[in-house]
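J.: Chain residues, written in single-letter form:
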Amino acid sequence: MADAAPSRQRDTTLMGMYLFLASEIMLFGGLFAVALALRLLHPQEVAAASRRLHYGIGAANTVLLLTSSLAVALAVAAAEMGKVKGTVAGLLAAAGLGLGFLALKAAEYGMEIREQLLPAFTPAEAFDSPAAHLFMDLYLVATALHAVHVTVGVALLAGLAWRVHRRSLALPRAATGVEVVGLYWHLVDVIWVFLYPILYLVR
Amino acid sequence: MTELSYLEHGHSLKSWLLTTDHKRIAILYFLSITFFFFVGGAAAALIRIDLLTPEPDLMSNEGYNRAFTLHGVIMVWFFLIPSIPNTFGNFLVPLMIGARDLAFPRLNLLSWYIYMLGGLFTLAVLVLGGVDTGWTFYTPLSSMFANGNVILAATAIFVVGFSSILTGLNFIVTVHRLRCPGMTWGRLPLFVWSIYATSLILVLATPVLSITLVLIAAERLFGVGVFNPALGGDPLLYQHLFWFYSHPAVYIMVLPALGVISELVSTAARKPVFGYRFVAGSSIAIAIIGFLVWGHHMFVAGQSMYASAVFSFLSLAVAVPSGIKVYNWTATLYKGHIALDPPFLFAMSFIGLFVVGGMTGLILAMLAVDVHVHDTYFVIAHFHYIMVGGTVSAYFGALHYWWPKMMGRWLPLVWGRLSAIFIFLGFNLTFFPQFILGYLGMPRRYHVYPAEFQTLHVLSSAGASVLGLAYLLPFTYLLYSLRHGEKAPPNPWGATGLEWTVPSPPPQHNFHELPTVDGPPYQYPVEPDTKREGAHG
Ligand code: HEM
Ligand SMILES: [Cu+2]
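So the protein lines, in turn, are chains A and B. First residue of the first sequence? That's 1 in full-length UniProt numbering, and the numbers climb one at a time after it. First residue of the second sequence? That's 1 in full-length UniProt numbering, and the numbers climb one at a time after it.
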């Protein structure tokens, strides 16, 4: 790619990222298909199980992630203008909000363990019905996989902030990097925006 | 002026293991894929030896299950899926579109390392005693009853999936962004079109398999029971998810081969490909329709009758674009000045075997007939005609056709022709009897069978030994040619395409100056750079 102009380079990198995100969507798509199947197979039991989730915490987490997406968007804008401080601030804010999400999620898991709701920590007999157990299995796999993505995202955001701060990435040339990580972070957010209603709200 | 070729730029191991040159990475893949081809082949040899007699003689039931599982897993994920894209695609796509490398060279190297990591997991499975679920990992067998290394095997496939995704992504971006001036979409070589279509499937289907494998591992580890009927889950859901990936995946295995054949046929006939637009478009059509037919694997699994009828119809529809390709190749050959070089013989054997495989696919896709032959040797024969008769022949055809370009050495044509013929004969002797066996009722995945099937099984095993030797043959004379072969000119076959405009082997950065394209592809005839024995004019 030595001979490509920077703007071409940027489009190329972004295109690669979009394709990666498409494949991520298909990854979670498999879980959405499972969620649909469970809803069709056991509508009542699943709705009842869904009602026992802490939708307030889920809502708070949605707010955290949406806000962090805003922070990333601001960081991208700042990076394109070559503003180091603004970029670092935006990235760190997003990473911090992401950490907040993880903390809340952990607390939520903790509550669910105590309420005997979380599979792997709860004997099978403790569930209201076998279908409720299945639904909580799905809940655990889906939210854990999402949390892994959030963790990776936080690491990327923090690492990027550090490198921009140390000037080892020079702005605005490195703005593409910020944009790419930003795209990833938006995806993590969007997936949550679908997971939240599917798991917590649809009755 | 003499310029160092990509092979001469550094000889240390490090210069290979840390290379970001797409051509060197292609060679790395070639070596590792060849290795797995022979490991998978060894498993096949065990299977065929055991099937020589109706009694179980070589292996226990358990051992037999492990042998065919390993054979399937290795051949599908470690040989066929990466075979043509990762070796020839890697080597050729940048050269064919007039680029210096793929869009993301370092990602390309990373893909190879991920592939190797997945390969190590597979070898670990092998050493630790194997798995016994079949390559399909059907639940509840894989989740509740299998006692092999299911999690490890699932991990291996999960890991190698990322290699596929990253490679596919790299190709798509490369074709979109790095075409040289004048290389419009309508001028792309058909091989590039087919790699592009394959890459779309790689990026969009592979992650569905990944998540499905995660769910299986989760069931074994934590009792997550979404596929477990005892817990209220649905084993059919597993089959839906698996085939949603795996039917498109069979097109991952064959689309690149279709692309190779378009190149070989037009070069051999010294004529432009007939109906370029239709051949290019049919690759995309196959990729799209291929996503809509997975239910034909589940006709007898208990899915709804209406779903089966729709899937049956759509499966017949997917044959249309495949048929278009075959007719167009034939029309290309019509009145061509055909040179009976090894690549052409491989291409012809591809076309014949692919047609048999495709037609029997149609037979299977007919709901009523499939009830009779599902899970028999008929199915085994069907997909081997396409995946082995078809794709592996195309792979060897590509190897012979581009070998002078990749290695800069000419190959012995007589031996090339011989091995094409032996592979064709050995293949048919191995797999044709299996159609009959299946039709008569021999189920797949059994090593004990009624005595009246023995003759056909012996024929098949005899064919397999011919086929095995025939596959070894090219590796001997190709290796020999590396040292003793004549130096190859840039365009030994008289072919069109930018890869033939650069020296053989190509210089490190492919092109001095990026080329400019000002006409349609396949402007034959082109004179070859040398007059050679056996070449027709
Ligand atoms: C004309 C297009 C094709 C049609 C209509 C078709 C149809 C079918 C059908 C209906 C089955 C299921 C049979 C059964 O299990 O009872 C089947 C199995 C299979 N086909 Fe095809 N097929 C086509 C092309 C291909 C291609 C291109 C490949 C590979 C490159 C392929 C590979 C396979 C494999 C691997 C299986 C068996 C899977 C298993 O159960 O282990 N098919 N095909
Ligand atoms: Cu299929």
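Keep in mind the hints are simulated off the structure, nothing from the lab. Every residue, glycine too, gets a C-beta built ideally from N, C-alpha and C. Please note that a few of the clues may not be correct.
Claimed, not checked - Derived contacts from chain B toward chain A, CB cut-off under 8 Å, selection only:
hint: 1; residue: I172
hint: 2; residue: H176
hint: 3; residue: S210
hint: 4; residue: L215
hint: 5; residue: G232
hint: 6; residue: D234
hint: 7; residue: L241
hint: 8; residue: V300
What the hints assert, rightly or not - Rough simulated footprint, nothing fancy, chain B against chain A, three-plus residues with beta-carbon under 8 Å:
hint: 9; stretch: 12 to 23
hint: 10; stretch: 93 to 107
hint: 11; stretch: 134 to 141
Unchecked claim - Partial selection, computed: residues in chain B whose CB lies under 7 Å from chain A:
hint: 12; residue: A103
hint: 13; residue: L169
hint: 14; residue: V173
hint: 15; residue: R177
hint: 16; residue: V203
hint: 17; residue: L204
hint: 18; residue: I211
hint: 19; residue: A218
hint: 20; residue: F222
hint: 21; residue: G225
hint: 22; residue: V226
hint: 23; residue: L231
hint: 24; residue: G233
hint: 25; residue: L237
hint: 26; residue: V320
hint: 27; residue: H372
J.: Each hint: holds or not?
T.: Now the hints, each set against the structure:
1. I172: holds, 6 Å
2. H176: holds, 6 Å
3. S210: Since chain A brings a Cβ to about 6 Å from B/S210, closer than 8 Å, the hint holds.
4. L215: Since the shortest Cβ distance to chain A is 7 Å, the answer is holds.
5. G232: holds, 4 Å
6. D234: Holds, because the Cβ-Cβ distance from B/D234 to chain A comes to roughly 6 Å (cut-off 8 Å).
7. L241: With Cβ-Cβ at 6 Å, under 8 Å, it holds.
8. V300: B/V300 check fails; min Cβ-Cβ to chain A is 20 Å, beyond 8 Å.
9. 12 to 23: As far as the stretch 12 to 23 of chain A goes, the hint holds, because 7 residues have Cβ atoms under 8 Å from chain B.
10. 93 to 107: Our answer is that it is violated, as 0 residues pass the Cβ test (under 8 Å) against chain B, missing three.
11. 134 to 141: holds (count 5)
12. A103: holds, 5 Å
13. L169: Check passed: Cβ of B/L169 comes within 4 Å of chain A, closer than 7 Å.
14. V173: holds, 5 Å
15. R177: Holds. Min distance 5 Å.
16. V203: Since the shortest Cβ distance to chain A is 5 Å, the answer is holds.
17. L204: holds, 5 Å
18. I211: holds, 4 Å
19. A218: holds, 6 Å
20. F222: The hint holds - B/F222 has a Cβ within 7 Å of chain A, the shortest such distance being about 5 Å.
21. G225: Holds - the Cβ of B/G225 comes within 7 Å of chain A, reaching about 6 Å at its closest.
22. V226: Holds: closest Cβ of chain A sits about 5 Å from B/V226, inside 7 Å.
23. L231: Since chain A brings a Cβ to about 5 Å from B/L231, closer than 7 Å, the hint holds.
24. G233: Given a least distance of 6 Å, the restraint on B/G233 holds.
25. L237: B/L237 check passes; min Cβ-Cβ to chain A is 5 Å, inside 7 Å.
26. V320: Nearest chain A Cβ about 26 Å off; hint violated.
27. H372: The hint is violated - B/H372 has no Cβ within 7 Å of chain A, the shortest such distance being about 30 Å.
The earlier numbered hints that this structure contradicts are 8, 10, 26, 27.
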